[in-house]
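These protein sequence lines map, in sequence, to chains A and B. The first sequence runs 0 to 399 under numbering that gives the first Met the number 0. The second sequence runs 0 to 353 under numbering that gives the first Met the number 0.
Please keep in mind that the hints were generated in silico from the structure rather than gathered at the bench. Nothing here was measured: the structure is a model prediction, and the numbers come from that model. Hints should not be assumed to be uniformly reliable.
Claimed, not checked - The calculated DSS-like cross-link candidates involving lysine-lysine, where the alpha carbons are at most 25 Å apart (straight line), are:
1) B/Lys229 x B/Lys42
2) B/Lys93 x A/Lys178
3) A/Lys372 x A/Lys30
4) B/Lys218 x A/Lys98
5) B/Lys65 x B/Lys218
6) B/Lys241 x A/Lys115
7) A/Lys30 x A/Lys237
8) A/Lys115 x A/Lys175
9) B/Lys176 x A/Lys95
10) A/Lys178 x B/Lys65
11) B/Lys218 x A/Lys95
12) B/Lys1 x A/Lys98
13) B/Lys238 x A/Lys98
14) A/Lys98 x B/Lys241
15) A/Lys95 x A/Lys242
16) A/Lys96 x B/Lys218
17) A/Lys175 x A/Lys242
18) B/Lys2 x A/Lys175
19) A/Lys178 x B/Lys238
Claimed, not checked - Coverage of chain B stretches by chain A, computed from C-beta distances (three or more under 8 Å per stretch; other residues unrestricted):
20) 80-88
21) 96-106
22) 111-117
23) 132-144
Idealized CB from N, CA, C, for every residue including glycine.
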Amino acid sequence: MSKGVAITGMGIISAIGNNVVENYEALINGKKGITRVDNIETVQRSEIMVGEVKFTNDELITQLNLPSDNNYSRTAMLGAIAAKEAFADAGITDIKKYKTGIVSGTSVGGMDMTEKYYYEYLTEKEHQKYIESHHAGDSTQKIAEQLGIEESLVTTISTACSSAANAIMLGARLIKSGKLDRVLVGGADCLSKFTINGFKTLMILSDTYNTPFDENRKGLNLGEAAAFLVLESDEVVKAENKKVLAYVKGYGNANDAFHQTASSDNGDGATLAMEKALKTANLKASEIDYINAHGTATGNNDLSEGRAILRVFGGDLPEFSSTKAFTGHTLAAAGAIEAVYSVLALQHNVIFPNLNFKTPMKEFSMIPQTELKKKELNTVLSNSLGFGGNCSTVIFSKEA
Amino acid sequence: MKKVYINSIASISPQKTYDNSMFLDEITDYNDTVIFPQDPDYKQYIPPAAARRMAKGIKMGVVASKIAMDEAGIETVDAIITGTGMGCMIDSEKFVSAIIDNNEQYLTPTSFIQSTHNTVAGQIALGMECKAYNFTYVHSAISFESALLDTKMQLETDEAQHILVGGVEELGEHTTKVHRVINHIKPDTVCISEVLNSKTEGAVFSEGANFFVVSNEKKQSCYAELVAVKTLNSLIKEKVSKTIENFLEENNLMRSDIDVVVFGNNGDVDYDDYYQQLSEGIFNKIQQVFYKHLVGENNTVSAFGVWLASKILKTQTIPEIVKLNEINTSEIKTALCYNQYRGQNHSLVLLKKC
Chain A
0 MSKGVAITGM GIISAIGNNV VENYEALING KKGITRVDNI ETVQRSEIMV GEVKFTNDEL
60 ITQLNLPSDN NYSRTAMLGA IAAKEAFADA GITDIKKYKT GIVSGTSVGG MDMTEKYYYE
120 YLTEKEHQKY IESHHAGDST QKIAEQLGIE ESLVTTISTA CSSAANAIML GARLIKSGKL
180 DRVLVGGADC LSKFTINGFK TLMILSDTYN TPFDENRKGL NLGEAAAFLV LESDEVVKAE
240 NKKVLAYVKG YGNANDAFHQ TASSDNGDGA TLAMEKALKT ANLKASEIDY INAHGTATGN
300 NDLSEGRAIL RVFGGDLPEF SSTKAFTGHT LAAAGAIEAV YSVLALQHNV IFPNLNFKTP
360 MKEFSMIPQT ELKKKELNTV LSNSLGFGGN CSTVIFSKEA
Chain B
0 MKKVYINSIA SISPQKTYDN SMFLDEITDY NDTVIFPQDP DYKQYIPPAA ARRMAKGIKM
60 GVVASKIAMD EAGIETVDAI ITGTGMGCMI DSEKFVSAII DNNEQYLTPT SFIQSTHNTV
120 AGQIALGMEC KAYNFTYVHS AISFESALLD TKMQLETDEA QHILVGGVEE LGEHTTKVHR
180 VINHIKPDTV CISEVLNSKT EGAVFSEGAN FFVVSNEKKQ SCYAELVAVK TLNSLIKEKV
240 SKTIENFLEE NNLMRSDIDV VVFGNNGDVD YDDYYQQLSE GIFNKIQQVF YKHLVGENNT
300 VSAFGVWLAS KILKTQTIPE IVKLNEINTS EIKTALCYNQ YRGQNHSLVL LKKC
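Build the full structure now, drawing on both the sequences and the hints.
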């Protein structure tokens, strides 16, 4: 169909690194960031493993140079750090020069503060400043404030674990339609007792390192992270002589319409999302060089997604891996984290390993790429699947 | 680029608006600081067993979407796009309080599952068995307008032909309490019809759902053409008039082309100036209407503004109760909605008679 949308900058903070370079080093050296949780006091500590950014909130406040009366949630702070790196990477100095907006994804939003001060809000004046930072859009408003984006299109998507992938999709549409010249897209989510206990009640948290696509997988490790990409129109790229890191070539979103939290056995939604993405990219399945799978390591996801991948790729299955064993499942941010990893894969012509894999699943013979592999890559397909049946696929390419 | 039409509407609000054959014929006045919707007969739309499991927002969203689909006379859509500023507050509160009260023990997953922001859009898809594009926008007072903008872009390029788009907001008891302590909710009860004269800070909070079927073909049921949608994360008071004039210019219109302007004043003494200056300024010769004195304030209540404008354009009548001034207009061709919340997240929606 149409041409890809240029990516000109990236930023990330995750359990395996505080910037793009650190994340890449960890990925190629097989260094995972899964540990016990330190920054949240929870009775579940000894029963779960997480992908945690080890900075405390106070350290993040210092890094961002925020005033002491700030009301930033942890989601907003992680988001601001990644967003600033992305803007610097894209060499953006004059915000006003082009129509610039933000589309971010989050599911936790300011829940970390809400659960900390829930009842105190009613009586303790000092904590009440966080009441206004609860809603999901607040973290995005804060990121806009940090970047100096005013009077512009700034919005937030929350479709559970596919939020950031959907933010990339909307961003690409906004550039194609000419509504914006430049847009920061991505997502941020911090760890919280809310999500830790939520996923615990669903009995899909592993008590050890998560093992995507393994027969004996025990569930996911929750993670926290933020990542953003800068998308720019061809006109801006040309006028500013910008270096293009990669392109958003195709995207697709579909709903599984099967169950509020579980994916259908056959992965109908994921199949549709991948097919739509291939169609907008005008690519055949055989032209995809690497799949960065959602691969959360839950029984349900990996089976459903695996079947969907087989339905779409059949005999043309390229190497695939899930990077969740490195970072944990970073929920709404996952699509952006893995977008950064997909672009890194394209830039370095390398496929990141699916760590912790031992035994193939009995339902099919799909074996993920378990070792770091050098391969000339032109296209990477990345999946993000979420609650509410939300399935998203984004395809990244080297050439427009 | 294809033109985009609002082909059906549905509203569940503190007024009796769920019946599309009526247009604010019966008005209920409230004397409170938090007001709730007049409920349609949910049983008529959802099996009782399913309805019992649904929190208020889900129920309102599902039923409003059915009313909109019925009026448009279609079975399915190419996309379901919702907006909700606060999300599923009732289930979120249940789960957070259970975590705290029981020290992370004895928890059950139901409220967690239903707490996700995209629960309503997911439930609508499940009910319609609709596997199409499904998005939820969660950006405070522009959540609905973000959904509307996405809708419009996809219809213009013919990526989709029919889209179900809506905004939904429910009130959680605890959230209401905490918004009271920071004075986002009015300190004293007010007669809602008189809310603009309250001279106090905060608003009267409410809940509700407003859904629309928007298409790139004009159906017989058509209410209005959706011409333009714009959102701004920030805007100082002094720049509102200029911004609106620029927006009209981008759409090849002058202020005198506007036949009715729909304002989002909510009676908050600290923020109603945003509208007041327009009322006395660039729109002083234009018919002005308002609605939050009927349906209160919430993050997606601006969708009610679009409902009101659509209804006015279709029926060519303006109920007395919504008029802020009295200007004689022979034909109502163009309507502009302007809303903001607490000085942030401004939106402009431009509609034309179809």
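> Regarding the pair B/Lys218 and A/Lys98, is the alpha-carbon distance no greater than 25 Å?
Replying inline: violated (35 Å)
> Mind checking, does the segment 111-117 of chain B have 3 or more residues with a CB under 8 Å from chain A?
Replying inline: holds (count 7)
> Taking only the CA atoms, is the gap from A/Lys95 to A/Lys242 under or equal to 25 Å?
Replying inline: Holds - the C-alpha atoms of A/Lys242 and A/Lys95 are around 20 Å apart, at most 25 Å.
> A/Lys178 and B/Lys238: Cα distance at most 25 Å?
Replying inline: holds (21 Å)
> Holds or violated: are the alpha carbons of B/Lys65 and B/Lys218 at most 25 Å from each other?
Replying inline: holds (17 Å)
> Does the segment 80-88 of chain B contain three or more residues whose Cβ lies closer than 8 Å to a Cβ of chain A?
Replying inline: holds (count 3)
>> Please verify whether A/Lys98 and B/Lys241 have alpha carbons no more than 25 Å apart.
In response: holds (17 Å)
>> Holds or violated: B/Lys176 and A/Lys95, Cα atoms, limit 25 Å.
In response: violated (40 Å)
> When you check the alpha-carbon spacing of B/Lys218 and A/Lys95, does it fall within 25 Å?
Replying inline: Violated, at roughly 42 Å.
>> Need the status of pair A/Lys372, A/Lys30: alpha-carbon distance at most 25 Å?
In response: With a Cα-Cα distance of about 16 Å, the restraint between A/Lys372 and A/Lys30 holds, given a limit of 25 Å.
>> Checking one constraint from the list: CA of A/Lys175 to CA of A/Lys242, max 25 Å. Satisfied?
In response: Since the Cα atoms of A/Lys175 and A/Lys242 sit roughly 19 Å apart, the hinted pair holds (cutoff 25 Å).
>> Hinted pair, alpha-carbon criterion (25 Å max): A/Lys115, A/Lys175. Please report holds or violated.
In response: violated (42 Å)
Figure legend: structure checked against the earlier numbered hints; hints not met, in rising order: 1, 2, 4, 6, 7, 8, 9, 10, 11 and 16.
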